[in-house]
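There are 4 protein chains.
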Amino acid sequence: MSRFQPKNPDYRAIAFHTFEQQRAMKTLGISITRVEPGEVDLAMDYRSDLTQQHGFIHAGIITAGLDNACGIAAFTLMPAGAGILTVEFKTNLLAPARGERFAFRATVVKPGRTLTVCEARAYAAHDGAETLIATMSGTLMALAPREDAATDRAHMPA
Amino acid sequence: MSRFQPKNPDYRAIAFHTFEQQRAMKTLGISITRVEPGEVDLAMDYRSDLTQQHGFIHAGIITAGLDNACGIAAFTLMPAGAGILTVEFKTNLLAPARGERFAFRATVVKPGRTLTVCEARAYAAHDGAETLIATMSGTLMALAPREDAATDRAHMPA
Amino acid sequence: MSRFQPKNPDYRAIAFHTFEQQRAMKTLGISITRVEPGEVDLAMDYRSDLTQQHGFIHAGIITAGLDNACGIAAFTLMPAGAGILTVEFKTNLLAPARGERFAFRATVVKPGRTLTVCEARAYAAHDGAETLIATMSGTLMALAPREDAATDRAHMPA
Amino acid sequence: MSRFQPKNPDYRAIAFHTFEQQRAMKTLGISITRVEPGEVDLAMDYRSDLTQQHGFIHAGIITAGLDNACGIAAFTLMPAGAGILTVEFKTNLLAPARGERFAFRATVVKPGRTLTVCEARAYAAHDGAETLIATMSGTLMALAPREDAATDRAHMPA
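Protein chains in written order, with the working numbering: chain A, 1 to 158; chain B, 1001 to 1158; chain C, 2001 to 2158; chain D, 3001 to 3158.
Note that these hints are calculated values from the structure, not bench results. Virtual Cβ for every residue (Gly too), placed ideally from N, Cα, C. Some hints could be false.
Quick look at which bits of chain B chain C covers, simulated, 3 or more residues with Cβ under 8 Å [stated by the list, open to error]:
no., region
1, 1012 to 1024
2, 1087 to 1095
3, 1128 to 1142
Have a look at the derived ranges for each label pair, beta carbon to beta carbon [what the hints assert, rightly or not]:
no., chain 1, residue 1, chain 2, residue 2, range
4, B, D1049, D, P3079, 30 to 40 Å
5, B, S1031, D, H3017, 32 to 42 Å
6, A, T114, D, A3129, 15 to 25 Å
7, B, P1009, C, A2080, 51 to 61 Å
8, A, E130, B, T1114, 42 to 52 Å
Using the sequences and the hints given, assemble the complete structure.
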């Protein structure tokens, strides 16, 4: 059970809806596997067309999954009508992204009216074992309902 | 002209070769537009299948471009036979990734035998104007030639 | 000359005033050497009581200087009555902090109504030469005048 | 009990010895409260001469504690004779550093022969309650015994 109490009773529906609007996620084959208040898991199958020079998944793709897990996790705790954007994140790459399937698991560390801080971890499932391959810490920003209409403002810390 | 003197006279050919082996770059439509010792520019056209919920390019895709620009920039200063991996990076998102075309420009800040620190900036070209949309600072690691053979080691700080 | 136009005509006086209220800066021997709109330089003399195990200035002390330079640089562009807090920063340590004197130079990369992104560099002056020893990228947050009264809120992203 | 097996049986003595050589820690009043393989806690009492403009402990001082906790935690897993330096860290500031006493708790996330990744959290104890005030993720580097003699190399990723 989550430590957090969502402000928006429709947080699950909104989380899925926002995720589905992100066409990049479909292109990368990333999907939601779990949504709780302040906690989100995503998953992705290995695809050879998303690899770097050694045949492992590219760090940028891993980061896209981690960032999105953080964003949706933060979003579940925001009020109805809010928009969300990423302010910043840092990724540490710990091991090669080698495996058949990848999981991105994010947790809200500190929710806030304007800023929410999240942490996420990426795991690779390979030959039946799961390895921690990357960590992220990131800051997400809520856009107030009135501001959300101005889509020009999205992803613009202002 | 670059401030740096490459150790590997074939640095340009090696940079292009490594980049071309990264299938994720082709999938994302990212290509090299400039390679100098310690300096690399990449470019990407807008594609609606790489967007987030507001129709802008997803932060993870922007990060993939920034990370790759840093990686190749660091790689140009490494000795022949070395491999390269990303240790960590941090991205600040400054403005929505809205535009027809995107540029990722990386510069080596401090080259090193083992670790190299790079900075990169992402720009969006929109209606004839260019906007700074994101910054990255990152650490890259050289894998010694003998280690490069062990592809298992790639992306594994050890 | 600075690229930025300050909103507060008293930005210099306010910058010095806020800095002087930071008792930690006096304790560490850090002082302001330059203030322009969006640009701040600080300086610190070597002190053996601020060193790590090799006799160089401790990374935390260097970070305190970098963070403060970023904070004051962001602060110069904020409206009268605003408060300021640090949201996050990342430091890359490039070389030992060895020298007689240290400089911390910050520049605003992207000012914003709520969030401002800065970059800073730390230099060591040693035997007449200056070496880049650390970089920082950080996010600062403006507290609206009405919120500033609530000192409980300072340093609390909310 | 720790998840990690130390390579150096004297890891505790070495950890304390290295910490005591850091004069900055004594100046800031930071001390070790717990050392296990890959896990270190530090503590610091409130001091008004280490504050920022609102009377809370300065973010740079909090970062010094977090960085040192990470450094010693990584150090406990390194072989005898190794040196240690910080490559980079990122700090997210979550709440004002207000309290009578502060704790810095670090854990190794991924140990490595050359690079070790750690996470740390800072807590403020105030009126009998403990609040999470900051997080850090950082990369530490082991200097091989032969290199440790070259103190010029300390804090220089190379």
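Check each numbered hint from earlier against the structure, then list the numbers of those it violates in ascending order. Result: hints 1, 4, 5 and 8 break, sorted rising.
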